[in-house]
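Undergrad: As a plain string of letters, each chain reads:
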Amino acid sequence: MRELLPLSMLGGLLGLDVVCFPQMMISRPLVGATVAGAFVGDTYTGLLVGATLELIALATLPFGASRYPEWGSAAVVGGAIAAALHAEPAGTVTVGVLATLATAWVGGWTLVKLRVWNAWLARRKRGALEHGSRGAVVGLQLAGLTSDLARAMLLTAVAYGLIFPVARATVALWSFDEHLSRAVTVGAASAVAAAAAWTIFHSARGARWYFAGGLLIGLLILAMR
Amino acid sequence: MTAPAAATHGVPSPDPTPRVSAMTWVSVFVRTLAIQGSWNYETLLGNGVGFVLEPVLRQLPGGVHSDAFKAAMARESAYFNAHPYLTSVAIGALAKAELSGVPPERIERFRTALCGPLGSVGDRLVWAGLLPFSSLVALIAFGVGAGPFAVLAIFLVMYNVGHFGLRIWGLRVGWTRWLAVAGALANPVLRNGPAYIARAAAAVAGIAIPLTVARVVGPTRRPLLEGALLAGALIAVGLVRVHGRVEGWKLVLVLIALFALVSVSVAR
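Sequence lines, in order, name chains A and B.
FYI, in our numbering the residues of the first sequence are 1307 to 1531.
FYI, in our numbering the residues of the second sequence are -10 to 257.
None of these hints come from the bench; they were simulated from the model.
Even for Gly, the Cβ is constructed at its ideal location relative to N, Cα and C.
Take these hints with a grain of salt, some might be off.
Dumping the calculated DSS-like pairs for lysine-lysine here, alpha-carbon to alpha-carbon at most 30 Å [to be verified]:
#, chain 1, residue 1, chain 2, residue 2
1, A, K1431, A, K1419
2, B, K239, A, K1419
3, B, K59, A, K1431
Facing chain B, from chain A, some residues (calculated, C-beta under 10 Å) [as the list claims (entries may be wrong)]:
#, residue
4, F1345
5, G1347
6, G1356
7, W1411
8, W1415
9, T1416
10, K1431
11, G1450
12, A1456
13, A1489
14, A1499
Work the whole structure out from these sequences, hints included.
TA: Structure, rendered in structure tokens:
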């Protein structure tokens, strides 16, 4: 558990990126899980988990006030767990994806609570804000940013601390073949990606034909290997 | 900004042709990256807009202790909702309007009118366009065997060229067109871009999904790959049919949890 502090700091930064700062999408699971994997010494396993999660995350569009899973901190938890358990490869990617999804669910809930907290802070400062207080505006912004960083760091630390022992025990008891486990996991993820592609793009004229054409090219590339 | 123009009865007037220094623009730009720092369900982006505009508003006649500054801060920190990247358009326009002494009522009406267009254009262009497109291109790179650094670099560079470009363009066009900035939203890139990106992303999705599945499953595992793709296609059809009633990621969570449960329950 020596990795807990650096991982929680990484989770804090990536969790902050989801909404508050700087929204460069370093919080996408492809990035978060890969970097977390590198942190604990197995970048490749982190990348496998990240790519699988990225397929799932395609369905998440962070529109304004909508509720969505918090991928930044969660991907750090899942990527690090899978990478830390890479010595027993069967089930590690599956367990990493599972850990991320569970953490992302809780993370989405914490984001809602953060927004409620920010509203409470703003209400307390209403008088000062209505009088154009520079200190109140800047202070509120800094309080929100700090709260989000703390939220994401705490989420990462608690989730990693709680899930890692369960994940280690699960991987030790894992009975299915490594490749079968990965096939089931990424097959389910690909379903979400395909459904998301349809939902997002089908309103553009001809998009279904572009998708079909792309699919044909993708399958041809696989067939030629 | 140059020194305020003529002073009348000891009180400086707003500058009809204001200027903002390069350092102030840098400060504004960095602050735009944190514009959602205090996002909440009551004022949404409002406080963020005030926070971003604050370095510019310091240049109002009389400085930070003046009534003009306080009134502008109060006005600009009220409720605001738009796409975070395209809020830069509003920031540029509002900065110029405030420094030019546009009447407060007009600024408030203008501010309110910008919310809808900047929200819908940004959502379609970025969240439903640039983001999935960049992500899928990176997944193609992953699928054809690129290493971790290359995959991440492709995604982050491609996405952030668009991201930062949009923020810088927004500040620029907002400042130069200010109260007439609505015309800039008719820019062909903003008007037709989402449809073009959607078609390109649809094609890229078709390529990326099988390639990604193949690399995760691993080499020389053709029956597993075919099974995963077929199962994925069937579940995808089901998800499209129940659109909106089942969230894909929650379904995957349940399916994988069940799979894990079976895996640890079955004797080796």
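Undergrad: None of the hints should be skipped; say for each whether it holds.
TA: Do the hints match the structure? See the list:
For a cut-off of 30 Å, the pair hint linking K1431(A) to K1419(A) stands: about 19 Å separates their Cα positions. Taking the CA atoms of K239(B) and K1419(A), the gap is about 20 Å. The hint holds against a cut of 30 Å. Proximity of K59(B) to K1431(A) is assessed by CA-CA distance (about 15 Å); at most 30 Å being required, the pair is judged to hold. About 12 Å separates the beta-carbon of F1345(A) from the nearest beta-carbon of chain B, more than 10 Å, and the hint is not met.
Because the smallest distance between the Cβ of G1347(A) and any Cβ of chain B comes to about 13 Å, over 10 Å, the interface hint for this residue is violated. The beta carbon of G1356(A) is positioned within 10 Å of a beta carbon in chain B (closest approach about 8 Å), and the interface hint is therefore held. Proximity of W1411(A) to chain B holds as hinted, the smallest CB-CB distance being about 7 Å (cut-off 10 Å). Interface hint status for W1415(A): violated, as the beta-carbon distance to the closest one in chain B is roughly 13 Å, over 10 Å.
Interface restraint check for T1416(A): the shortest CB-CB distance to chain B comes to about 14 Å, outside 10 Å, so the restraint is violated. Using the Cβ-Cβ criterion of 10 Å, the hint placing K1431(A) at the interface with chain B is satisfied: the shortest such distance is roughly 9 Å. The interface hint given for G1450(A) is met, as the beta carbon of that residue sits about 3 Å from the closest beta carbon of chain B, less than 10 Å. Annotation: interface hint on A1456(A) violated; nearest CB of chain B at approximately 13 Å, more than 10 Å.
The beta carbon of A1489(A) is positioned within 10 Å of a beta carbon in chain B (closest approach about 4 Å), and the interface hint is therefore held. With its C-beta approaching chain B no nearer than about 5 Å, A1499(A) sits inside the 10 Å limit, and its interface hint holds.
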